[in-house]
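Q: So the protein lines, in turn, are chains A and B.
Counting from 1, one number per residue, gives the positions in the first sequence under my numbering.
Counting from 1001, one number per residue, gives the positions in the second sequence under my numbering.
It is worth saying that the hints were derived from the structure and are not from the lab.
A few of these clues could be false.
[As the list claims (entries may be wrong)] Straight-line distance between alpha carbons at most 25 Å, and here's what the computed DSS-like set of lysine-lysine pairs gives:
1) B/Lys1316 with B/Lys1232
2) B/Lys1263 with A/Lys2
3) B/Lys1263 with A/Lys56
4) B/Lys1263 with B/Lys1058
5) B/Lys1316 with B/Lys1245
6) A/Lys56 with B/Lys1058
7) B/Lys1315 with B/Lys1232
8) A/Lys2 with B/Lys1058
9) A/Lys54 with B/Lys1058
10) B/Lys1244 with B/Lys1232
11) B/Lys1105 with B/Lys1058
12) A/Lys62 with B/Lys1058
13) B/Lys1154 with B/Lys1125
14) B/Lys1244 with B/Lys1315
15) A/Lys10 with A/Lys62
16) B/Lys1315 with B/Lys1245
17) B/Lys1315 with B/Lys1396
18) B/Lys1105 with B/Lys1212
[As the list claims (entries may be wrong)] Just the calculated beta-carbon pair ranges, DEER-fashion:
19) B/Glu1061 with A/Val13: 32 to 42 Å
20) A/Met38 with B/Lys1409: 47 to 57 Å
21) A/Glu52 with B/Ala1305: 48 to 58 Å
22) B/Glu1061 with A/Lys54: 17 to 27 Å
Even glycine gets a Cβ: it sits at the ideal position worked out from N, Cα and C.
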Amino acid sequence: MKLVVTIVGKDRVGIIAMVSNILAEHNVNILNINQNIMDGFFNMVMIAELTEGKIKLPELQKLLGERGQEINVEIRAQHQEIFNIMHNI
Amino acid sequence: MITIDDILETNRMITENKLDVRTITMGISLRDCAHPNINQFCQNIYDKITTSAEFLVKTGEDIESEYGIPIINKRVSVTPIAIAAEACQTDTYVPVAEAMDRAAKEIGINFIGGFSALVDKGYTKGDRILINSIPQALAVTDLVCSSVNLGSTKAGINMDCVREMGEIVKRTAELTRDRDAIGCAKLVIFSNAPGDNPFMAGAFHGVNEAEKVVSVGVSGPGVVKHALEDLKGADFTEVAETIKKTAFKITRVGQLVAREASKRLGVPFGIIDLSLAPTPAVGDSVAHILEEMGIESCGAPGTTAALALLNDAVKKGGLMASSHVGGLSGAFIPVSEDAGMIDAVARGSLSLEKLEAMTCVCSVGLDMIAIAGDTPAATISGIIADEAAIGMINNKTTAVRVIPVPGKKVGDTVEFGGLLGYCPIIPVKSEYSSAAFIARGGRIPAPIRSLTN
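Looking at chain A on its own, in the form it has when it is part of the complex (with noise of 0.2 Å):
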């Protein structure tokens, strides 16, 4: 299945490590990864690939929103599917 990563929030070091690091962690394989920061505030965009077996989405989404919360930003892993829907015809 593949999986959007979006994590928003105040920028500062490590946010991708912590990331990677949970995904890879996790088997989750990615794919792509965009970024940018506007005013200080960190967008990042990651696609990976979530192959079933080694951990189910909704405990990846736990992890990831704890994680998150620990260091003020808010992560969330969605399908990708609902992006694709809605902005491709």
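With the hints as your guide, set chain B onto chain A.
A: Same frame as chain A, but now just chain B:
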């Protein structure tokens, strides 16, 4: 290829502009549950509902978390009980409503609709029993919603039922007076009711529907308003284009949710209802869209035109986004459920009479309107007759959901809670009586479909 901007836009719609899927509604036919013994009938429908929709809530929650899109309600609609229960040897369907309520609670859904009768041309025995059971049924249940269709373009208006429903509304209010007449918030009186509407309180599973279907009602007034905020001073061509594009995006999400729910539940996809359904939350108001278009306060002259444009553009944008569209599909204007409408009533810019005009060009009708508890039944019937006539002549669905709150008068406020919201009591301006008109009864003949001036 999706871009970072697309992704951030989608998530902003969800987090800031309150884009959500209002409801996944499973329609279930109860036609095979008929039985002369009402206890057996109740058992049959309880079993059928709890088996068919056992995984509805779980499926909704799974989709919600996987795609990150809130799905606010999970609901069930059933065959109009006046039809399904007609074989029962009984003089009341209150036990049926109780069985529906128990089934709804067992599977954890938010509402169950279909305590309904379709009487636009005339009553059967079951229709009469059902209508008489409505006040008690709504008083003793929590999740059951009721509706009566008493008019249509094909058949005209059943004025006997119009008279009766004025009294039923009053009695329902009286029996739930300890809860600010909440029973009336679960009772909709329709003209041209669609059988595939997923929205409450008017949902029922039409007799021409399949055994089971899954339908989805989308929402998203906040997203439309946000899109218009960047168009200050733009002309209406641009306004309409922007609403269409936004409605397309909103509806695509509904289509995705419907497709997934249908696949996971093993139940065919019915329709997407393209409605803009407001909630009392700030930033989720249809009135605020009209005000964003340049109406200072909802109800001022121009409101009907603004609403007509909005309603039409939502349909045009949404139609292409979904494989099947149906239900009520349009902008809803439920007063107590829309922060902007509530403010407009409190300010005095929005009246019952203006709302009636607005219902000519948008979805449904006089919805969630609290009126003084001492409003005569014949006046309520008059309001119902007017709304039914608008629906009948204009070949559209109209409805009345008014709440005559016992003990409250103009100047008071009533609080229903949750999605149902709160509202000041709206004045019914006319002091003159409709009693002699309503007392006539009979049928208003079906209208001519040509010479349409």
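Q: With reference to the structure, classify each hint as holding or not holding.
A: Taking the hints in turn, this is what the structure says about them:
With a C-alpha separation of about 22 Å, the suggested pairing of B/Lys1316 with B/Lys1232 holds against the 25 Å cut-off. Using a Cα cut-off of 25 Å, the hinted pair B/Lys1263 and A/Lys2 holds, with the two alpha carbons roughly 19 Å apart. Restraint check for B/Lys1263 and A/Lys56: the C-alpha separation of about 20 Å stays at or below 25 Å, so the hint holds. For a cut-off of 25 Å, the pair hint linking B/Lys1263 to B/Lys1058 stands: about 14 Å separates their Cα positions.
Taken as a hint, the B/Lys1316 and B/Lys1245 pair is honoured in the structure, with Cα atoms around 9 Å apart against an allowance of 25 Å. Our distance criterion of 25 Å between C-alpha atoms is met by A/Lys56 and B/Lys1058, whose separation comes to about 16 Å. Between B/Lys1315 and B/Lys1232 the CA atoms are separated by roughly 23 Å; this keeps the pair inside 25 Å, and the hint holds. Proposed proximity of A/Lys2 and B/Lys1058 is supported: the alpha carbons are some 22 Å apart, at most 25 Å.
Note on A/Lys54 and B/Lys1058: the hinted pairing holds, with a Cα-Cα distance of about 22 Å set against a maximum of 25 Å. For a cut-off of 25 Å, the pair hint linking B/Lys1244 to B/Lys1232 stands: about 17 Å separates their Cα positions. For a cut-off of 25 Å, the pair hint linking B/Lys1105 to B/Lys1058 stands: about 14 Å separates their Cα positions. This hinted pair checks out: A/Lys62 and B/Lys1058 have alpha carbons roughly 18 Å apart, not beyond 25 Å.
For the hint linking B/Lys1154 to B/Lys1125, the alpha-carbon distance of about 22 Å falls within 25 Å, and the restraint holds. For the hint pairing B/Lys1244 with B/Lys1315, the CA-to-CA distance comes to about 8 Å; that is within 25 Å, so the pair holds. With a CA separation close to 20 Å, the supplied pair A/Lys10 and A/Lys62 stays within the 25 Å bound. Restraint check for B/Lys1315 and B/Lys1245: satisfied, since their Cα atoms lie roughly 11 Å apart, inside the 25 Å limit.
With a CA separation close to 14 Å, the supplied pair B/Lys1315 and B/Lys1396 stays within the 25 Å bound. Only pairs whose Cα atoms come within 25 Å are accepted, and B/Lys1105 paired with B/Lys1212 is accepted, the gap being roughly 20 Å. With their beta carbons about 36 Å apart, B/Glu1061 and A/Val13 fall inside the hinted range of 32 to 42 Å. For the pair A/Met38 and B/Lys1409, the supplied restraint of 47 to 57 Å holds, since their beta-carbon distance comes to about 53 Å.
For the pair A/Glu52 and B/Ala1305, the supplied restraint of 48 to 58 Å holds, since their beta-carbon distance comes to about 53 Å. Our hint of 17 to 27 Å for B/Glu1061 and A/Lys54 holds, since their Cβ atoms are close to 22 Å apart.
Violated hints: none; the structure is consistent with every hint.
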